[in-house]
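Asks: Spelled out from the first residue to the last, the chains are:
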Amino acid sequence: MAEIILRCKGSIGIMVEAEVIRPDLFAGKKKEEIEELLVWQGPKPLPLSEFFDVDVSRAIPSDTRPEEANILIEGDVSRVKRIGQGMKDGRIEICGCAGMHLGAEMAGGSILVRGDAGSWAGMGMLGGMLHILGNGADHVGSAYRGSWRGMTGGEIQIGGSARSQLGGGLAGGRILVAGNVENFCGIRQSGGLILVKGSALRGVGTEMNGGTIAVCKAIKQFSPGFVETSREENVLLGEVQLEGWFGKFTGDYALGKNPKGRLYCQGGLEDAGNAQFR
Amino acid sequence: MAAATNNTTIIRNGHVFDPLNEINGDIKDIFIKDGKVVSSLTSAEQRDATIIDATGKTVMPGGVDSHSHVAGAKVNAGRLMRPEDHYKSVRTRTALTHSGSGYTVPSVYKQGYDYAAMGYTTVFEAAMPPLEARHTHEEMRSTPILDMGAYLVLGNNWFVMRCLKEGDVEKAAAYVAWMMRTHKAYGIKCVNPAGVENWGWAKNVHGLDEPNIHFEVTSREIIHGLAEVNELLGLPMSLHLHTNNLGHPGNWEITRDSLAIPSDIKPSQKTQVEWAETKMNSRRKQSVYLAHAQFSAFGGSSWRDFQSGVAGLVDYVNKSDHVVIDNGAVPFGPATAMTGDGPAIHDLYMLSGQKWSNTDVEMECGSGVIPFVYLKSSPISSIQWAMGLELLLLINDPWKTIMTTDHPNGGVFTEYPQVMTWLMSKKARDDTAKECHKWAYDKSSLGGVDRQMSLYEMAILTRANPARTIGMAHRKGHLGIGADGDVTVYDIDPCKLNLNDTAALTARLARPDFTVKDGRIVARKGEIVAVPEGRRYYCRPYVDDALEKEMLSDVKDWFKYYTVGFANYPVPEKYLKNPVAIPVHNAEAEALARR
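Order-wise, the sequence lines are chains A and B. According to the working numbering, the first sequence is numbered sequentially starting from 1. According to the working numbering, the second sequence is numbered sequentially starting from 1.
FYI, nobody ran anything at the bench for these hints, they're computed from the structure. Glycine included, every Cβ here is placed at the ideal spot set by N, Cα and C. Certain hints may be false.
[Said to hold, decoys possible] Among the chain A residues that face chain B by a calculated CB cut under 7 Å, a handful are:
| id | residue |
| --- | --- |
| 1 | G28 |
| 2 | K29 |
| 3 | Y144 |
| 4 | S147 |
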């Protein structure tokens, strides 16, 4: 495997937009060529070497296959945006935390973040694997601002928790969160799967018309447009096995007469007065 | 091309298509001096002139768009509502041009550059609510290159409706004349007459003789009244009509009946301007100009039995001489529906569930905005695509038709080259019909239409007729002596025109070799090379002084209902960059004695 190491030179002031950090773009490039790739800092285009030391000692120059390209980022890149944006192949591993738009619109390959990731990670993702061991922020795996059609394929795993609008406009693929989420998880969802092992604050599945959301603990404040249809034990969602009894809801009836969204919730409804029961 | 150090330009040896001068592909030189077309240049002037070699190329007057939503409050609402529309459609700044973004609702700079790059030099904003006139003018003054103007929305104006209810056409005329001068407006737009007012009460009107709430005036009365006002004042453009029931299956009949309403009114264009020379009469002949006919030519009775209703409408237009239409083509892809017809937008929301907005403009009108996508897989979109083309191909006389997409309602203006290709090539239409839903041909007559429009006809539909219809042919839409030096040079050799290579034809129409504005090259193969400021046209009609005074005292009283004061209502001329006032003097209107 051809491994290219990017080492942060120091702390970064104004955030850097670095959509050029892509394994399939690095593949087959010499050290100098990688160093000369342009990133934006505010209004200025600057070479990548302004911010990173590029180490290709572990790379195999003759290997130009994008699927074998592997980028290891050392240091804090929480002020570097758009890492891996649009990547189709290869692998990125980030030892610390990553900035906004990590893996946005990625179509293939994989990204592993050992720390946290900023907002909009995996936005409009088409395929591939985005694994965040720490916490995600807002809009993880969601649609671009204003759009109602978000992620269509691939998988996002979050080891910690995420904040609001996780999987907004989700149309395909799946998002697995080990911790909790906040507001409007799966808003406008039309397909795919969101699994939250912890609990959610409010607005889960608001205006959803398809796809599946499962919240394994409580939903603090239920969306009013959901109707409980049954209770099921040990639900199997694709390859994901849930354990225990779940209430199954359909919605969101606020959007239309015959919505196809499915919402599973295990824990007690702390604010059950907001949900409608048949 | 020689370096230009002076103010003369020669376009040599091109095949010129100039329908108002009956020039059909003849090889000619076009001479421009001080921004105007002239018959010849002295040899000294020729030596210093900017010379464009147009040998083997098509030369047309600069494009004229008579109906496009490009400036004002609802366009901006569309921009604000649709960040996703701007995300992937960006233009970076150059030494000469601003940056910009937006696909269906571009920023003002991008709009100007994109139109110019496509060979268009004149664009008129289709709907300016009086209270939003200031905003509209602010956007037009920031739009580079293009000559512009805007039509004032008056079809549900309380003062107009009250006058018409009282049968006082003279007072309505006095009010409209004052409003045009006050808001620096160019023409009269009438949107869903009587219906938009009812929408304030969550209702609409669905017939021409349905009196609306409170004012108890009917659509028929408003259409006839405003058409009468229009001709009494002698405005350059006729009444511009957006019919009732727009976007409803089966609406073609009410459209036909609406067009019949002003059939008894004689067009009377009384503009006091200098007329450039043309062989044909370049004054308008119509007393009604129907906007985006495609949306008003629906057949069937519901979305289930939806079909093209174009045939019935075309039948009427073919035998009527007082009508011009623009088609409002649907070229597929993303669009943003925006109109003064609030209820029509709500109908679209009920169909699509998309984000949407509606606005009530106090005592004047309304409006709404909603994103929309026309999909080739959709049976309805596919029929609408067919209908937009049917309208232009089935109306025999091209002087009754104008090509638009009702930008950005049917599609974006940058799709014009694609629409032109469909009109010119049967193969292009058949190819698209294969890609889209089969209802396109099954539920319209387009599949059986063999007509392929010529470059001459395209010049009528995109230059000569829009200019003549809106009363701008004294200087736009042709290349007669005295006309504005606005020219498009397409890399198309009419002698070697290959209608089967449709992709190449579209590409050449999209990126003309040269766009010349007032004798100056502004775009070369799609690249902007100069950014002159355009002009803003508006009309100054007048009525009898005593009548105006009487009307004004009424209007001042009326302002107790407005949120703005009377003194703050007008748009001062300083809001316009390069304003060109068109004086309109109709002796009859100015001598109107009170009954």
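Asks: All the hints need checking, so say for each whether the structure fits it.
Replies: Against the structure, the hints:
| no. | hint | in the structure |
| --- | --- | --- |
| 1 | G28 | violated (27 Å) |
| 2 | K29 | violated (24 Å) |
| 3 | Y144 | holds (5 Å) |
| 4 | S147 | holds (4 Å) |
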